[in-house]
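Chemist: Sequence:
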Amino acid sequence: MSWNINMMCDVMPTISEDAVDHPVNMGGMGDGDGLSGEDGGGGQESRFEQLMVNMLDERDKLLEKLQEAQRRLEDVNQHLRDSEREKDSLRRQVDLHMQPVPQVGSRPPFSLIDRLRVANLRPRAAF
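Counted from 1, the sequence shown has number 116 at position 116 by UniProt numbering; the numbering is strictly sequential.
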């Protein structure tokens with residue numbers, strides 16, 4: 001399955017970081033626990049956990065949207081296949097029912113002319 005970049009940008013929501021006042025130190029600096037901050041480890045850890053929960057919620061929402069989009073795509077593809085079958089059926093019906101209609105003043109069918117030639121008869125001119 002290939003991803004369309006434009007579609008991916010349209011459905012990707014922004015992740016709210018309002019709960020995090022200060023960035024979490026994950027680089028190994030500070031007191032070594034990776035969660036150092038002005039409020040202490042506990043407050044920073046709870047904000048980090050809330051951010052993770054928000055990210056997981058957003059992931060779940062995106063997965064639901066993806067599954068719904070896949071269902072809609074399958075429905076549209078099925079409708080397209082049905083429409084193509086119906087179009088082919090209608091085209092066959094039109095081809096079967098369309099007979100070449102002789103135009104007014106045109107020559108009679110070749111089979112009649114051939115029969116007249118075989119019988120060595122000439123058609124009479126109508127006055």
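Because the hints were derived from the structure by calculation, they are not lab data.
One or more hints might be untrue.
To be verified - Simulated restraints, written as ranges between beta carbons of each label pair: (1) Leu66 with Ser46: 40 to 48 Å; (2) Glu45 with Arg72: 56 to 64 Å; (3) Met55 with Val76: 28 to 36 Å; (4) Gln50 with Leu90: 55 to 63 Å; (5) Val94 with Arg59: 31 to 39 Å; (6) Gln93 with Ala69: 35 to 43 Å; (7) Asp57 with Asp88: 43 to 51 Å; (8) Glu45 with Arg81: 40 to 48 Å; (9) Glu58 with Gln93: 49 to 57 Å; (10) Leu96 with Ala69: 35 to 43 Å; (11) Glu45 with Arg85: 53 to 61 Å; (12) Asp88 with Leu66: 26 to 34 Å; (13) Gln50 with Arg71: 51 to 59 Å; (14) Arg92 with Lys61: 41 to 49 Å.
Don't be surprised by glycine CBs; every beta carbon is placed ideally from N, CA and C.
Chemist: State, for the Cβ atoms of Leu96 and Ala69, whether the hinted interval 35 to 43 Å holds or is violated.
Modeler: 41 Å, holds
Chemist: For the pair Arg92 and Lys61, does the Cβ-Cβ distance stay inside 41 to 49 Å?
Modeler: For Lys61 against Arg92, whose Cβ atoms are near 47 Å apart, the range 41 to 49 Å holds.
Chemist: Does the beta carbon distance between Met55 and Val76 stay inside 28 to 36 Å, or does it fall outside?
Modeler: 31 Å, holds
Chemist: Just tell me: holds or violated, for the beta carbon distance of Val94 and Arg59 against 31 to 39 Å?
Modeler: 52 Å, violated
Chemist: 56 to 64 Å was suggested as the range; check whether the CB atoms of Glu45 and Arg72 agree with it.
Modeler: Since the Cβ atoms of Glu45 and Arg72 sit about 41 Å apart, the hinted range of 56 to 64 Å is violated.
Chemist: Tell me if the beta carbons of Glu45 and Arg85 are separated by a distance inside 53 to 61 Å.
Modeler: For Arg85 against Glu45, whose Cβ atoms are near 60 Å apart, the range 53 to 61 Å holds.
Chemist: Taking 35 to 43 Å as the stated bounds, is the beta-carbon spacing between Gln93 and Ala69 within them?
Modeler: 36 Å, holds
Chemist: Range hint 49 to 57 Å: satisfied by the CB atoms of Glu58 and Gln93?
Modeler: 52 Å, holds
Chemist: Quick one: are Gln50 and Leu90 within 55 to 63 Å, going by C-beta?
Modeler: Given a distance of about 59 Å, which is inside 55 to 63 Å, the answer is holds.
Chemist: Taking the CB of Gln50 and the CB of Arg71, does the distance hold inside 51 to 59 Å?
Modeler: 32 Å, violated
Chemist: Can you let me know if the beta-carbon spacing of Leu66 and Ser46 is within 40 to 48 Å?
Modeler: 30 Å, violated
Chemist: With respect to the beta-carbon atoms only, verify the hint that Asp57 and Asp88 lie 43 to 51 Å apart.
Modeler: 47 Å, holds
In this structure, the earlier hints numbered 1, 2, 5, 8, 13 are contradicted, and the remaining ones agree with it.
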